[in-house]
Amino acid sequence: DTEVTQTPKHLVMGMTNKKSLKCEQHMGHRAMYWYKQKAKKPPELMFVYSYEKLSINESVPSRFSPECPNSSLLNLHLHALQPEDSALYLCASSQEGTGNNSPLHFGNGTRLTVT
Amino acid sequence: AQSVTQLDSHVSVSEGTPVLLRCNYSSSYSPSLFWYVQHPNKGLQLLLKYTSAATLVKGINGFEAEFKKSETSFHLTKPSAHMSDAAEYFCVVRPPGRRALTFGSGTRLQVQP
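Chains as they are written, first to last, in the working numbering: chain X, 42 to 156; chain G, -4 to 108.
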């Protein structure tokens, strides 16, 4: 079992819906990440939070809105998505301040289908 | 800029035979290197990481990787493949001073009975 928990595991939504993806970790990590992964491709970075502040936004469309309510939780709010946004959305966390050797710990992802 | 190249998009081995998944990196500085595995419909699991303490790195499930600076390689090996090893494997580099990871394109390992 992974130490990063993502809910829901699967989500089907229409293009006019509003939904949220949730991620939780209790490893004391202060960096949290959202990645998007299309089929047969490596994950692509979307957002990075460090100490609950957004530090990286990889030019992600505004229909994706991240939120980090506290050091253990990370949300991704979805609104007016397109069918091409269908993908596996992965959350990850890592330690901060320990150099570049800190690996990322990934959740199992949310499989999103936009109809 | 740092990058990684996974030389094989697909590798097929027989159960019980050795596994070799190849990865080359480009870096101007000492890199941080990782191997991750992804089983179908799952997240990524860390297999091992290179910390510069030792060039031969042992990971979980019998995998290991050797860092060769002269060849800029970080190949992943396992002496004997198991059916449960069938998955996608990613070689990953973390550039100095950056939180974001740079992923290779992935190698799909198929294990034949």
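Don't read these hints as lab results, they were simulated from the structure.
C-beta: ideal position from N, C-alpha, C; glycine also.
Be careful, since some hints might not be right.
[Stated by the list, open to error] Here are the computed distance ranges between Cβ atoms for each label pair: (1) G:Thr0 with X:Lys79: 40 to 50 Å; (2) X:Asn98 with G:Pro91: 13 to 23 Å; (3) X:His120 with G:Ala48: 20 to 30 Å; (4) G:His77 with X:Ala121: 40 to 50 Å; (5) X:Glu44 with G:Tyr24: 42 to 52 Å; (6) G:Leu51 with X:Lys63: 36 to 46 Å; (7) G:Arg93 with X:Pro124: 28 to 38 Å; (8) X:Met56 with G:Gln107: 34 to 44 Å; (9) X:Asn98 with G:His77: 26 to 36 Å; (10) G:His77 with X:Glu85: 43 to 53 Å; (11) X:Glu108 with G:Ser47: 16 to 26 Å; (12) G:Gly92 with X:Ser103: 20 to 30 Å; (13) X:Asn98 with G:Leu51: 36 to 46 Å.
[Said to hold, decoys possible] Listed below are the simulated DSBU-like cross-link pairs for lysine-lysine, each with C-alpha atoms no more than 35 Å apart in a straight line: (14) G:Lys63 with X:Lys50; (15) X:Lys82 with X:Lys59; (16) X:Lys50 with G:Lys64; (17) X:Lys60 with G:Lys53; (18) G:Lys37 with X:Lys59; (19) X:Lys59 with X:Lys94; (20) G:Lys53 with G:Lys63; (21) X:Lys60 with G:Lys63; (22) X:Lys81 with X:Lys63; (23) G:Lys63 with X:Lys63.
Do the hints match the structure? See the list:
Judged by the Cβ atoms, the range 40 to 50 Å given for Thr0 of chain G and Lys79 of chain X is violated: they are separated by roughly 20 Å. The hinted window of 13 to 23 Å between Asn98 of chain X and Pro91 of chain G holds, with their beta carbons roughly 21 Å apart. At roughly 46 Å, the beta-carbon separation of His120 of chain X and Ala48 of chain G lies outside the given 20 to 30 Å, and the hint is violated. Look at His77 of chain G against Ala121 of chain X: about 45 Å separates their beta carbons, and that is inside 40 to 50 Å.
Checked against the hint of 42 to 52 Å, the pair Glu44 of chain X and Tyr24 of chain G fails, with Cβ atoms roughly 30 Å apart. Checked against the hint of 36 to 46 Å, the pair Leu51 of chain G and Lys63 of chain X passes, with Cβ atoms roughly 40 Å apart. Separation of Arg93 of chain G from Pro124 of chain X is about 32 Å and conforms to the stated range, judged on CB atoms against 28 to 38 Å. Look at Met56 of chain X against Gln107 of chain G: about 43 Å separates their beta carbons, and that is inside 34 to 44 Å.
Taken as a hint, the range 26 to 36 Å is violated for the pair Asn98 of chain X and His77 of chain G, whose Cβ atoms sit roughly 41 Å apart. Restraint check, His77 of chain G to Glu85 of chain X: a C-beta distance of roughly 30 Å breaks the suggested window 43 to 53 Å. Against the hinted window of 16 to 26 Å, the Cβ-Cβ separation of Glu108 of chain X and Ser47 of chain G comes to about 36 Å, which falls outside the hint. Here the CB-CB span from Gly92 of chain G to Ser103 of chain X is close to 28 Å, well matched to the stated 20 to 30 Å.
For the pair Asn98 of chain X and Leu51 of chain G, the supplied restraint of 36 to 46 Å holds, since their beta-carbon distance comes to about 38 Å. Note on Lys63 of chain G and Lys50 of chain X: the hinted pairing is violated, with a Cα-Cα distance of about 39 Å set against a maximum of 35 Å. With a CA separation close to 26 Å, the supplied pair Lys82 of chain X and Lys59 of chain X stays within the 35 Å bound. Taking the CA atoms of Lys50 of chain X and Lys64 of chain G, the gap is about 40 Å. The hint is violated against a cut of 35 Å.
For the hint linking Lys60 of chain X to Lys53 of chain G, the alpha-carbon distance of about 41 Å lies beyond 35 Å, and the restraint is violated. About 25 Å separates the Cα atoms of Lys37 of chain G and Lys59 of chain X, which keeps this hinted pair within 35 Å; it holds. Between the alpha carbons of Lys59 of chain X and Lys94 of chain X the distance comes to roughly 23 Å, so the proposed pair stays at or under 35 Å and holds. Restraint check for Lys53 of chain G and Lys63 of chain G: satisfied, since their Cα atoms lie roughly 15 Å apart, inside the 35 Å limit.
A hinted pair counts as satisfied when its Cα atoms are at most 35 Å apart, and Lys60 of chain X with Lys63 of chain G does not qualify at roughly 46 Å. With a C-alpha separation of about 24 Å, the suggested pairing of Lys81 of chain X with Lys63 of chain X holds against the 35 Å cut-off. Taken as a hint, the Lys63 of chain G and Lys63 of chain X pair is broken in the structure, with Cα atoms around 40 Å apart against an allowance of 35 Å.
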